[in-house]
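K.L.:
So the chains spell out like this:
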Amino acid sequence: EAGVAQSPRYKIIEKRQSVAFWCNPISGHATLYWYQQILGQGPKLLIQFQNNGVVDDSQLPKDRFSAERLKGVDSTLKIQPAKLEDSAVYLCASSPQRDTGELFFGEGSRLTVL
Amino acid sequence: GDSVTQMEGPVTLSEEAFLTINCTYTATGYPSLFWYVQYPGEGLQLLLKATKADDKGSNKGFEATYRKETTSFHLEKGSVQVSDSAVYFCALIKRSNYQLIWGAGTKLIIKP
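The listed protein sequences correspond, in order, to chains A and B.
Using our numbering, you'd call the opening residue of the first sequence number 40 and step up by one each time.
Using our numbering, you'd call the opening residue of the second sequence number 843 and step up by one each time.
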């Protein structure tokens, strides 16, 4: 079974530029999550989708971050414009059921904002 | 609000030593508890879980027991290997909205 795929693995941009991350979850997983992980901290949930609907985006900085999950499969997270404090690893995870706490993570996309 | 507190790292041990990584939690009700592990260069993966008080989760030689009376879920392993070097995260799931609440992670370094 293929795991969660993310791209790109690494991205370096200058502040005020834009960036997009892509995620393809495990086939059949209805729930998809985007997390932000800053070095030395636990993951912070940015947005959670159930199929193609948003369940929770309360911690997503909506003035600069956006995410979509068209057709309930793969998803894109965009940052525009980027700030220095956005430097982090962006993790995508999926789960067959949102109430189990059992998430399957991709390898992450490391963003460096200069 | 709900929270998870882990011991700070890094924790450095010699191979074959006994490991304990402490985790305590604050939560409404009785959440399920988890340990996730992140090996170098890899994504987070579920290591073990426990869903109710006194449950013991186990996997790959690691164990953790859900202690309601002390609100703890400490991770233990009797004899660590160099390949256990990783960052370990304790987490709970909120019953109200099924969100995972994460600890800050504990980096484990095992020296040969």
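Treat the hints loosely; a few may be bogus.
Stated by the list, open to error - Keeping only pairs whose Cα atoms sit at most 25 Å apart, straight-line, the calculated DSS-like set for lysine-lysine is:
1) B:K910 to A:K101
2) A:K110 to A:K122
3) B:K910 to B:K898
4) A:K83 to A:K122
5) B:K936 to B:K910
6) B:K953 to A:K83
7) B:K936 to B:K953
8) B:K898 to A:K101
9) B:K953 to B:K910
Unchecked claim - Simulated restraints on C-beta separations:
10) A:W61 to B:T912: 37 to 45 Å
11) B:Y872 to A:K54: 40 to 48 Å
12) A:K54 to B:R937: 25 to 33 Å
13) B:K953 to A:P120: 12 to 20 Å
14) B:I951 to A:G42: 23 to 31 Å
15) A:A59 to B:D844: 31 to 39 Å
16) B:T870 to A:A59: 16 to 24 Å
17) A:L153 to B:T912: 41 to 49 Å
18) B:A895 to A:R149: 18 to 26 Å
Claimed, not checked - Non-contacting residues of chain B with respect to chain A, defined by C-beta distances greater than 10 Å in every case (computed):
19) G843
20) T862
21) G871
22) E884
23) Q887
24) K891
25) K902
26) Q941
No lab work stands behind these hints, which were simulated from the structure alone.
Virtual Cβ for every residue (Gly too), placed ideally from N, Cα, C.
K.L.:
Taking the hints in turn, state whether each one holds.
P.N.:
We went through each hint and held it up to the structure:
no.	hint	result
1	B:K910 to A:K101	violated (38 Å)
2	A:K110 to A:K122	violated (30 Å)
3	B:K910 to B:K898	holds (12 Å)
4	A:K83 to A:K122	holds (17 Å)
5	B:K936 to B:K910	holds (15 Å)
6	B:K953 to A:K83	violated (31 Å)
7	B:K936 to B:K953	violated (36 Å)
8	B:K898 to A:K101	violated (41 Å)
9	B:K953 to B:K910	violated (34 Å)
10	A:W61 to B:T912: 37 to 45 Å	holds (43 Å)
11	B:Y872 to A:K54: 40 to 48 Å	holds (45 Å)
12	A:K54 to B:R937: 25 to 33 Å	violated (40 Å)
13	B:K953 to A:P120: 12 to 20 Å	violated (44 Å)
14	B:I951 to A:G42: 23 to 31 Å	holds (26 Å)
15	A:A59 to B:D844: 31 to 39 Å	holds (32 Å)
16	B:T870 to A:A59: 16 to 24 Å	violated (37 Å)
17	A:L153 to B:T912: 41 to 49 Å	holds (46 Å)
18	B:A895 to A:R149: 18 to 26 Å	violated (39 Å)
19	G843	holds (13 Å)
20	T862	holds (19 Å)
21	G871	holds (14 Å)
22	E884	violated (6 Å)
23	Q887	violated (7 Å)
24	K891	violated (7 Å)
25	K902	holds (16 Å)
26	Q941	violated (6 Å)
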